[in-house]
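The listed protein sequences correspond, in order, to chains L and E.
For the first sequence, our numbering gives the first residue as 1, with consecutive numbering after it.
For the second sequence, our numbering gives the first residue as 1, with consecutive numbering after it.
Note that these hints are calculated values from the structure, not bench results.
Please note that a few of the clues may not be correct.
As the list claims (entries may be wrong) - Straight-line distance between alpha carbons at most 20 Å, and here's what the computed EDC-like set of lysine to aspartate or glutamate pairs gives:
#1 LYS106/L / ASP121/L
#2 LYS9/E / GLU35/L
#3 LYS9/E / GLU70/L
#4 LYS45/L / GLU46/E
#5 LYS39/E / ASP63/L
#6 LYS74/L / GLU175/E
#7 LYS9/E / ASP122/L
#8 LYS123/L / GLU27/E
#9 LYS39/E / ASP66/L
#10 LYS39/E / ASP22/L
#11 LYS123/L / GLU70/L
#12 LYS157/L / ASP134/L
#13 LYS150/L / ASP14/E
#14 LYS9/E / ASP40/L
#15 LYS198/L / ASP14/E
#16 LYS45/L / GLU31/E
#17 LYS45/L / ASP66/L
#18 LYS150/L / GLU33/E
#19 LYS39/E / GLU70/L
#20 LYS198/L / GLU33/E
#21 LYS157/L / GLU31/E
#22 LYS45/L / GLU27/E
#23 LYS74/L / ASP14/E
#24 LYS117/L / GLU46/E
#25 LYS106/L / ASP63/L
#26 LYS39/E / GLU35/L
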Amino acid sequence: MDAVKTLGKTLVASPERQVEADSDMDIVRRVQGGEVGSFDQLVLKYRGRVYSVVYNLTSNREDASDLTQEAFIKAFQSINRFQGQSSFFTWLYRIAVNSTLTHLRKNRLRTFFSFEKVGEDDKVSAEVIAALTDETGADRETFVHELQEKLNEAMQKLSIPHRTVITLFEIDGLSHQEIAEIMNCSVGTVRSRLHYAKQLLQAELQPYIRR
Amino acid sequence: MNENSHKPKVTLEDLLRVKRAEQPPAEFWAEFERGLRTKQLAAIIEPRPWWAPFIKISTRMSRYQVPVGAAAILAITFLTVREYRTVELAPVYEPVASSINVAAPAAVSATPSRLAPVSVTSSAPQAVVAEETAAVPAASATTAPRVSTADLVGTSSHVAPAPAKLTPSARYIAENLAAAQAADPELDQMLGRTIHNFDNHSARTEPLAQVSVPGESRRSRLLAGNALMASASLGDSTLRTDERSSRRLSERRLAESDAVSHIELSGDRFSMKF
Numbered sequence: 001m002d003a004v005k006t007l008g009k010t011l012v013a014s015p016e017r018q019v020e021a022d023s024d025m026d027i028v029r030r031v032q033g034g035e036v037g038s039f040d041q042l043v044l045k046y047r048g049r050v051y052s053v054v055y056n057l058t059s060n061r062e063d064a065s066d067l068t069q070e071a072f073i074k075a076f077q078s079i080n081r082f083q084g085q086s087s088f089f090t091w092l093y094r095i096a097v098n099s100t101l102t103h104l105r106k107n108r109l110r111t112f113f114s115f116e117k118v119g120e121d122d123k124v125s126a127e128v129i130a131a132l133t134d135e136t137g138a139d140r141e142t143f144v145h146e147l148q149e150k151l152n153e154a155m156q157k158l159s160i161p162h163r164t165v166i167t168l169f170e171i172d173g174l175s176h177q178e179i180a181e182i183m184n185c186s187v188g189t190v191r192s193r194l195h196y197a198k199q200l201l202q203a204e205l206q207p208y209i210r211r
Numbered sequence: 001m002n003e004n005s006h007k008p009k010v011t012l013e014d015l016l017r018v019k020r021a022e023q024p025p026a027e028f029w030a031e032f033e034r035g036l037r038t039k040q041l042a043a044i045i046e047p048r049p050w051w052a053p054f055i056k057i058s059t060r061m062s063r064y065q066v067p068v069g070a071a072a073i074l075a076i077t078f079l080t081v082r083e084y085r086t087v088e089l090a091p092v093y094e095p096v097a098s099s100i101n102v103a104a105p106a107a108v109s110a111t112p113s114r115l116a117p118v119s120v121t122s123s124a125p126q127a128v129v130a131e132e133t134a135a136v137p138a139a140s141a142t143t144a145p146r147v148s149t150a151d152l153v154g155t156s157s158h159v160a161p162a163p164a165k166l167t168p169s170a171r172y173i174a175e176n177l178a179a180a181q182a183a184d185p186e187l188d189q190m191l192g193r194t195i196h197n198f199d200n201h202s203a204r205t206e207p208l209a210q211v212s213v214p215g216e217s218r219r220s221r222l223l224a225g226n227a228l229m230a231s232a233s234l235g236d237s238t239l240r241t242d243e244r245s246s247r248r249l250s251e252r253r254l255a256e257s258d259a260v261s262h263i264e265l266s267g268d269r270f271s272m273k274f
């Protein structure tokens, strides 16, 4: 079942995505026609996802906030050039990822971590944390903080392309095809990077993995 | 064994779900919205840089990078080759006059009339004309008369664009100068030295004079012939002046005197064949 789910994720955009892309295109056309206020709808729709991608790439909430704003500003400035050859969210993601990669390359030696709180709404993450807390017998808050640090350290040990691929695939749930479009590379390259990144992460997070 | 089977599985994907759950609080988005609005307004108000249209054009032209680049390389290559060929084909040496007047040196003798008149004309485009006197330019049917300082004193050789005919003023000056030379040989020598210095200076500065001429051996023969002739007729004192006058022959004139094919010396005779 999991394999089928994963396979479905790797295929080209689902029908829901297509509907979403069509509605985005309508809004974009309105903005291009002069309804500048309509751009707020796109901001509201995608700010969480864009922020999540940028945050997981930088592991810094302040940088993530600035870079997300920058991505939306750039998209707003260039929206007249958007011709709909790709979906709006792919285009927006590409802007955000490129801005983030530029920022990371500029500040390669300066890395500060500042984490967001782990939400308790997500069932899967709550179960994982509960299982690991019960096993170690540690305080939940302390354990979550420690786990966050370890996860971010492991992510930062990855190269920027590998980190981008793992973020877009595992955390944001994009397909291989979409990641290939965003990163301007082939699907094979995406798969290869994903495989290598997972291997590295597994080695780094071995103490937390239970088989 | 049983403990292990009861342990929940935790995979890498599960751990990464924890990262997905890292979300900012609601108040963060209010601050985010405010910051975005400010930046958006600033971006609208901020004037676009002057080079912004070029970025737009280059973005549009990006699909034509290869053909545009190839065309630019071809154009540069064509221009470079054309420029190179123009420089290469430019005439390094171009005869200005169809006739060359080799004037007999005035310093050789006290009176110009002592010089043997050698006037040679040929159908060849280049000719050597020895003028008898400065006052009477030896203009033949094929050689155009020229007027220059050197011609007036009857010493040096200058190749200049020939006027159609001798002007009355030039003829008047030439006659006066010839009379002065006849009356005062010292003046004649002085004038000859002045012209000689001028010739040396012009030879230094004139680019054509720096070009090596194929008739180097011919020049040597002329020098030798002149020297022998002078020693035979005038003796040692005139030999020095003859050599000096020979040096006044510019490289250019010698180069143009390719028509001289044979020089013969016998006793006190000097003959040139063309």
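Do the hints match the structure? See the list:
For a cut-off of 20 Å, the pair hint linking LYS106/L to ASP121/L is broken: about 36 Å separates their Cα positions. Proximity of LYS9/E to GLU35/L is assessed by CA-CA distance (about 51 Å); at most 20 Å being required, the pair is judged violated. Distance restraint check for LYS9/E and GLU70/L: the Cα-Cα separation of roughly 40 Å exceeds the 20 Å cut-off, and the hinted pair is therefore not satisfied. For the proposed pair LYS45/L and GLU46/E, the alpha carbon gap of about 27 Å is over 20 Å, so the pair is violated.
Only pairs whose Cα atoms come within 20 Å are accepted, and LYS39/E paired with ASP63/L is accepted, the gap being roughly 15 Å. Only pairs whose Cα atoms come within 20 Å are accepted, and LYS74/L paired with GLU175/E is rejected, the gap being roughly 92 Å. Restraint check for LYS9/E and ASP122/L: the C-alpha separation of about 17 Å stays at or below 20 Å, so the hint holds. Between LYS123/L and GLU27/E the alpha-carbon distance is near 23 Å, which puts this suggested pair outside the 20 Å criterion.
Between LYS39/E and ASP66/L the alpha-carbon distance is near 10 Å, which keeps this suggested pair within the 20 Å criterion. With a C-alpha separation of about 28 Å, the suggested pair LYS39/E and ASP22/L falls outside the 20 Å cut-off, and the hint is violated. Distance restraint check for LYS123/L and GLU70/L: the Cα-Cα separation of roughly 32 Å exceeds the 20 Å cut-off, and the hinted pair is therefore not satisfied. Straight-line distance between C-alpha atoms of LYS157/L and ASP134/L comes to about 28 Å, which puts the hinted pair past the 20 Å bound.
Annotation: proposed proximity of LYS150/L to ASP14/E holds, straight-line Cα distance about 14 Å (limit 20 Å). Our distance criterion of 20 Å between C-alpha atoms is broken by LYS9/E and ASP40/L, whose separation comes to about 42 Å. Proposed proximity of LYS198/L and ASP14/E is supported: the alpha carbons are some 12 Å apart, at most 20 Å. A distance of roughly 17 Å separates the Cα atoms of LYS45/L and GLU31/E; the hinted pair therefore holds under the 20 Å criterion.
For the proposed pair LYS45/L and ASP66/L, the alpha carbon gap of about 18 Å is at most 20 Å, so the pair holds. For the hint pairing LYS150/L with GLU33/E, the CA-to-CA distance comes to about 31 Å; that exceeds 20 Å, so the pair is violated. Restraint check for LYS39/E and GLU70/L: satisfied, since their Cα atoms lie roughly 8 Å apart, inside the 20 Å limit. Between LYS198/L and GLU33/E, the direct Cα distance comes to roughly 35 Å. Violation of the 20 Å bound is thereby established for this hinted pair.
Between LYS157/L and GLU31/E, the direct Cα distance comes to roughly 31 Å. Violation of the 20 Å bound is thereby established for this hinted pair. Taking the CA atoms of LYS45/L and GLU27/E, the gap is near 17 Å; set against the 20 Å cutoff, the hint holds. Between LYS74/L and ASP14/E, the direct Cα distance comes to roughly 34 Å. Violation of the 20 Å bound is thereby established for this hinted pair. A distance of roughly 37 Å separates the Cα atoms of LYS117/L and GLU46/E; the hinted pair therefore is violated under the 20 Å criterion.
In summary, the hint linking LYS106/L to ASP63/L is supported, as the alpha carbons are separated by about 13 Å, within the 20 Å threshold. A threshold of 20 Å between alpha carbons decides the hint, and for LYS39/E with GLU35/L the separation of about 18 Å falls inside it, so the pair holds.
Hint compliance for this structure: hints 1, 2, 3, 4, 6, 8, 10, 11, 12, 14, 18, 20, 21, 23 and 24 are not met, and every other hint is.
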